[in-house]
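Q: One letter stands for each residue in the lines below.
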Amino acid sequence: MIGSASPLAGYLLVAALMFAIGLAGALTRRNAILVLIGIELMLNAANLNLIAFWRYGPHPEALTGMMFAIFSIAVAAAEAAVGLGLVIQIHRHAKTTDVDQMNRMKG
Amino acid sequence: MLEKADQVFVLLLHWLVGYLPAAWQPAAGVLLCVVAIIAVYPTLFALAVLLERKGLGRMQNRYGPNRVGPFGILQPVADGIKSLTKEDIVPFTADAVVHFIAPLVLVVAVFMGFAVLPMGRNMVLVDLDASLLFFFAMGASTELSVFMAGWSSRNKYSLLGAMRAVAQMISYEVPLLLSTVGVVMITGSLSLVDIVDAQNRYTWGLAHWNVFKPWGLAGFVMFVIASMAETNRSPFDLPEGESEIVAGYFTEYSGFKFALFFLGEYVGMFGIAGLGTSLFLGGWSSPLAILNWVPSWIWFFSKVMVWICFFIWVRGTMPRLRQDQLMNFAWKFVLPMTLLNLLVAAEWRFVADLWLRWIAGMVIVVGAYVLMGRVGMRREHFGPRTYRYAE
Amino acid sequence: MSFVFYVLAAMTLAGALAAVLLKNLVHCALSLTVAFAGLALLFLELGAQFVAFVQILVYVGAVAILVVFAILLTRSAETPKAGGVFSRTWLAGLSVAAAVFAVLGWAVLESTPWLPQTTEAPAADVEQIGEALMSRYVLPLEIVALLLTAALIGAVIVAMHEKEGAQ
Chain A
453 MIGSASPLAG YLLVAALMFA IGLAGALTRR NAILVLIGIE LMLNAANLNL
503 IAFWRYGPHP EALTGMMFAI FSIAVAAAEA AVGLGLVIQI HRHAKTTDVD
553 QMNRMKG
Chain B
1346 MLEKADQVFV LLLHWLVGYL PAAWQPAAGV LLCVVAIIAV YPTLFALAVL
1396 LERKGLGRMQ NRYGPNRVGP FGILQPVADG IKSLTKEDIV PFTADAVVHF
1446 IAPLVLVVAV FMGFAVLPMG RNMVLVDLDA SLLFFFAMGA STELSVFMAG
1496 WSSRNKYSLL GAMRAVAQMI SYEVPLLLST VGVVMITGSL SLVDIVDAQN
1546 RYTWGLAHWN VFKPWGLAGF VMFVIASMAE TNRSPFDLPE GESEIVAGYF
1596 TEYSGFKFAL FFLGEYVGMF GIAGLGTSLF LGGWSSPLAI LNWVPSWIWF
1646 FSKVMVWICF FIWVRGTMPR LRQDQLMNFA WKFVLPMTLL NLLVAAEWRF
1696 VADLWLRWIA GMVIVVGAYV LMGRVGMRRE HFGPRTYRYA E
Chain C
146 MSFVFYVLAA MTLAGALAAV LLKNLVHCAL SLTVAFAGLA LLFLELGAQF
196 VAFVQILVYV GAVAILVVFA ILLTRSAETP KAGGVFSRTW LAGLSVAAAV
246 FAVLGWAVLE STPWLPQTTE APAADVEQIG EALMSRYVLP LEIVALLLTA
296 ALIGAVIVAM HEKEGAQ
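Just so you know, the sequences run in chain order A, B and C.
Numbering-wise, this note's numbering comes out as the position in the first sequence, counting from 1, plus 452.
Numbering-wise, this note's numbering comes out as the position in the second sequence, counting from 1, plus 1345.
Numbering-wise, this note's numbering comes out as the position in the third sequence, counting from 1, plus 145.
Treat the hints with care, as some may be off.
[Unchecked claim] In silico DSBU-like pairs for lysine-lysine, Cα to Cα no more than 30 angstroms straight-line:
| hint | chain 1 | residue 1 | chain 2 | residue 2 |
| --- | --- | --- | --- | --- |
| 1 | B | Lys-1399 | B | Lys-1431 |
| 2 | B | Lys-1399 | B | Lys-1427 |
| 3 | B | Lys-1501 | B | Lys-1431 |
| 4 | A | Lys-547 | B | Lys-1501 |
| 5 | A | Lys-547 | C | Lys-168 |
| 6 | B | Lys-1501 | B | Lys-1427 |
| 7 | B | Lys-1431 | C | Lys-168 |
Quick caveat, the hints were computed from the structure, so don't treat them as lab data.
Could you build the full structure based on these sequences and the hints that come with them?
A: Here it is as structure tokens:
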């Protein structure tokens, strides 16, 4: 079994699966908000990787992975705020949040 | 003897757990503490509801409940039986699953916060390293349950109330968090146990409570305001403004689920009062050194109850704010003041001279409040009121 | 691999799956919250207490609420009448995601023998994190502060009505 080898492998697999789910969501859904949800899932999967590597890595006392995760959370929050603001503005402008219909470069 | 009275619950726990095999003891201890928390706070909730109804009644020149039992003291029991036996109605168009989960999420999140509150000497369930952060994380998750309740009811009043509640709680969470940062800066710890321990010292017989210092007093005032808004208490009770939107986000709840919302709201109030007590009012420590013989848990719970009485008093006194007033107050007054308070706390931390730091701190705090008051008054044009009567 | 890990992983992944598969967008946002909370619990399981609480505070308390607000403001909760919820090119998207997962999973499984085996949890109390943030990571901290301010102002301006006099 994978897990019996190293607990790290289990966390990495979960993160990989979560990343794939997020990517699939971002690529296949039509609603712009769901695309953002997919991106958030991918960022969270990356955070799980960072924390797992911090925990099982060679130098946990340096806190590098943890710091990376904290900064990544802060940046992701900023990204979500701006992204959702853009979605609201696009909805106001084009009356739709369907990414398939946002195919004009002219306003 | 008095030592024993102070530690009575801790000793009781050890005595009860002592009958179990050693392997089970930690888990059983935690379980017993959880049971105690789940038993004590709903009891206090019943007491607070009675107190609120009686107190509000007196403030409004009426008796309040006085039919059930002597002086109406059994009213909470009657209320409980009523809400348990009432039919649980779920609206036909409601999202049944979310509608069911919302009150559970609220109650669970609210009770989780008590895990880190020190309710007496050695009386804390888990002494986390970042317990203040944990408490706020739990408080933040109640917002979502409010939204779930309002949205799943498929009722315009519910949705309006939920949106109001969420907007208000998000806006006031920022000053609530910032007002506690001063305490964290001075104590140098996010652990509530450490924060209370740091206040449990005495000079000339008077306790070192944070509220007795300039940054602490300013932070305390801001914390009280933000905590009232955070728990949707009057004058910030727009989310359930009964004259506008029926009952806000729990309009479509009945029976036991309504009781859970009611319970969640009051227990949330106890939680935030307990947090404020631990941060600013010295937690379980006594105000005067000569009163140290009173058991620590009595101090904690009486401070919480005084805090609740203050909430009731404010509810009986203040009119409800308008939505724009609410938001302006949060972003244009409370938030700048809490940011300024960080400056005062930093000054207190780094100025070594006792008199200089008192004077500088007081000057900044009082000056800022006077200035803000002046500016606010000039814009608002408070004049003689004109009353219009119905003809 | 403990039992707790499997439960938490299942909860997180189920939340994530539901978040991308459900039709009603509000349900998606709520499932997303489940995924966030499960992830916070996984962080706790890994011993990263501080990050777990920050995760709940930021994601459950703020990002999920933002998503919900955006959904209600754009009226996306109503499912579209025609065309379903998936894009026309969903097959391509799905195959890309499957390919990415295949590569990542292959890499993890192939490298299993070399993965470290440490079992004792490293200590990371708030004091250490604070000291690291104030010494070695002070520049990133300042940059994040600047970024957050810029994002705050930017989000307000982007989402603001362009009409005169409206807030």
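Q: Evaluate each hint against the coordinates.
A: Verification of the supplied hints:
Between Lys-1399 of chain B and Lys-1431 of chain B the CA atoms are separated by roughly 24 angstroms; this keeps the pair inside 30 angstroms, and the hint holds. For the hint linking Lys-1399 of chain B to Lys-1427 of chain B, the alpha-carbon distance of about 19 angstroms falls within 30 angstroms, and the restraint holds. A distance of roughly 24 angstroms separates the Cα atoms of Lys-1501 of chain B and Lys-1431 of chain B; the hinted pair therefore holds under the 30 angstroms criterion. Among the hinted pairs, Lys-547 of chain A with Lys-1501 of chain B is consistent with the structure: their alpha-carbon atoms are about 23 angstroms apart, no more than 30 angstroms.
With a CA separation close to 20 angstroms, the supplied pair Lys-547 of chain A and Lys-168 of chain C stays within the 30 angstroms bound. Restraint check for Lys-1501 of chain B and Lys-1427 of chain B: the C-alpha separation of about 27 angstroms stays at or below 30 angstroms, so the hint holds. Taking the CA atoms of Lys-1431 of chain B and Lys-168 of chain C, the gap is about 34 angstroms. The hint is violated against a cut of 30 angstroms.
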